[in-house]
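Asker: Each chain is listed here by its residues.
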Amino acid sequence: MDVAKLDSIIDSYGGDETAILAVLQDIQAEFNYLPKEAMKRVAEKIGVPFSRVSALATFFASFSLEPRGKHIVTVCMGTACHVRGAPRVLEEIERELKIKNGENTPDMAFTIETVNCVGACALGPLVIVDGNYHGNLTTSEVTSMIDQYREA
Amino acid sequence: MAGVNSVEALEQLIKEKSSTRSADRKYISVCGGTGCLAGGGNAVIEALTEELKGRDIDIDIVRTGCHGFCERGPLVVVHPEGVFYNRVKPKDVPDILDKTVKEGEILKRLLYRDEAKSEFEKEKDVPFYKHQTRVVFEMNGHIDPEKIEDYISMGGYKALAKVFKGISPDEVVDMIIKSGLRGRGGGGFPTGVKWKSTRKATGSPKYVLCNADEGDPGAFMDRSIMEGNPHSVIEGMIIGAWAIGSSEGYIYIRNEYPLAVQRIKKALEQARELGILGKNIFGTGFDFDIKINRGGGAFICGESTALMMSIEGKVGRPRPKYIHTAESGLWDKPTNLNNVETWANIPHIIAKGVEWFTSIGTGDVSENPWGGSKGTKIFSLVGKVNNTGLVEVPMGITLRDIIYKIGGGIKNSKKGRTFKAIQTGGPSGGCIPEKFLDEGVDFDGLTKLGSMMGSGGMIVMDDMTCMVEVARYFVDFLKDESCGKCTPCREGLRQMSEILNRIVKGKGKEGDVDTLYELGRVMEDSALCALGQTAAYPVLSTVKYFREEYDQHIREGYCAGKQCTELIRYAIDPEKCTGCSICAKKCPTKAISGELKKTYTIDQDTCVRCGVCFDVCNFNAVMIPSGSEIKEKLGE
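Respectively, the protein sequence lines represent chains A and B.
FYI, the working numbering numbers position 42 of the first sequence as 42, with every residue one higher than the one before it.
FYI, the working numbering numbers position 551 of the second sequence as 551, with every residue one higher than the one before it.
One chain only, chain A, in its complex shape (with noise of 0.2 Å):
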């Protein structure tokens, strides 16, 4: 862990203790998940007991504790997503990468995630795959959506 770049992302909210989650945000940005020493050192440059650090960190669904995969697909189980056909294209990506929602490939290349809603309801069902937003996908899509993502 780059602890130099750790300590600077703490270090930019100026040690405030209304910033925890700013902070756990961007190392996460950063670091792909949150590592629990990183965690350990928020608490510890902010001055707050790790109980606190880490209750922000379950309490928030978009936080992870578990290293992640290099891409990360999110299918959004929103309810205009749902209704048009979400689960299915959640399963196909399950059945595509023989993994379950909230589990990465044994080559750490994916990670499959779901989220709540995104807010591009008039495209679903959506997924996001490492920020790019693919709209209006149907399974027979799947396959060549996630081939996109696949190293040559």
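In short, the hints are calculated from the structure, not lab data.
Certain hints may be false.
Straight-line alpha carbon distances no greater than 20 Å define the calculated PhoX-like cross-link-like pairs of lysine-lysine that follow [to be verified]:
1) B:K99 / B:K53
2) B:K130 / B:K117
3) A:K98 / B:K586
4) B:K17 / B:K147
5) B:K162 / B:K15
6) A:K36 / B:K314
7) B:K314 / A:K45
8) B:K196 / B:K321
9) B:K314 / A:K40
10) B:K405 / A:K98
11) B:K117 / B:K200
12) A:K45 / A:K100
13) B:K162 / B:K17
14) B:K162 / B:K26
15) B:K405 / B:K117
Since chain A is already given, all that's left is putting chain B on it; use the hints.
Answerer: Same frame as chain A, now just chain B:
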């Protein structure tokens, strides 16, 4: 842009910028909303900029916020004529410049066509837009959200200048009360009344907050306002702070909206540079600035007290509200919280007047701010409807007009799909059946039907939607999002979820529906916050209007919406199958076999009931028997 240091200078600036915007200004507006970007909007914008370089054409390219008609993106509108092109690709760009802009020729291939194949040239004539009343969304589609001068050129910050020029805080509060503006985030509480309480409360500092934690799945108007016109929210907040006597503001935005965060951030910087945020604004002695807080993906943080806990850097759990947040909110100080759309309405009310605002909408608010629903409301029209997107309509419009006139009717109606229900109000809302489609949509009307306005999600459901499954979806959603602090919500939702999951698997028991009802009633009476109190509404409303579907699941193992996978089979109708083989090619588990030009069959043991065969068949040959039909069709 250079700053101004007095109201007069701001007025002068507004005058100057407005004069640059004549009705015949030539510009191409390209939608830069999330929906259009997902459809390849960026490439279109790049192509336009690139292609324009080599041509002698005097026209501006404006990358705007969301135009609302996301289904048809990327969208391009050529002004001043207002020629509307949909589903534009980079390869269409040279023709748009050479033919439409230069020669005035309309490119028929890019025009919007409705289901009846009628063509529409102008944006204002497209039925999706024609029946809307755009107030909050007025500028989306015309301004670059990253340029404060664009906002100013269309009358932005005019309301703020008017306030600084001589409307006292009390007068502002009074105007907002008289306007009858009610909270657009779901509560429907009169905004002015809330402001008055916070203004009167003792304690310092006072906070004004913007709730941009738009968590209701199926609603995305706040996202589009922030992405398309961030300054309208900021202007509303400054006016609110002035009226309430606040010096500090916060905008709490979902981290799932990265573009909105970025645009608001930029807009705040520009507002500071201009001199309308900061210390001693225009020498009036009024200090105000706004900070951004990003949410962490918890639905409950849209609840006022949970949101405040989260801003304080704590876990977002609500607290009981014996003492209102107007008196003791963020850090126990008087706090006023309004949602994005509410804030964005404020500048319009101040600039155009109370009378103008109350001329739109329902009821009479002259004596009582609860007496009606005034102004417009933005709905996100999604689900099984042809024209999905964001629509802004006057309060009181009928559901039928929204679905059929603006929405263009039910998707795949040619394949026999029909309307079943419209779900409004987010996870705690309700499902409204066909017989109420002619009811007017406003705060009180929707509540009367057992649903609610909520933040404005409208999800259209067709005959192939199972209402029990819909109820299960919402209950499971809320079960996951319950913060766990109070027992009725935490345990009640868990029990409801267990029962509903059993029913959709065909393992329901007589009496299950009564138990659901009872659980819902207890939660309504005893849960700590609105999440738990209203959590049973999707169940209660579906039981009320679609009771037969619950009974069919429990008694006959029959799912009318043909969605509950354990109660259905997919089978091929030998009389309709042409042997084209498309289903076999698309089947992910290779469960379909047969010979070309002969009837194909589905192996039930390999079939995972994903429904791909049903979707791809062009001959309506895939049947979905359920309940006793399975025996009839398959002899199982």
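Asker: Determine for every hint whether it applies to the structure shown.
Answerer: Hint-by-hint comparison with the structure:
| no. | hint | verdict |
| --- | --- | --- |
| 1 | B:K99 / B:K53 | 16 Å, holds |
| 2 | B:K130 / B:K117 | 17 Å, holds |
| 3 | A:K98 / B:K586 | 18 Å, holds |
| 4 | B:K17 / B:K147 | 12 Å, holds |
| 5 | B:K162 / B:K15 | 13 Å, holds |
| 6 | A:K36 / B:K314 | 19 Å, holds |
| 7 | B:K314 / A:K45 | 17 Å, holds |
| 8 | B:K196 / B:K321 | 18 Å, holds |
| 9 | B:K314 / A:K40 | 17 Å, holds |
| 10 | B:K405 / A:K98 | 44 Å, violated |
| 11 | B:K117 / B:K200 | 58 Å, violated |
| 12 | A:K45 / A:K100 | 37 Å, violated |
| 13 | B:K162 / B:K17 | 17 Å, holds |
| 14 | B:K162 / B:K26 | 30 Å, violated |
| 15 | B:K405 / B:K117 | 15 Å, holds |
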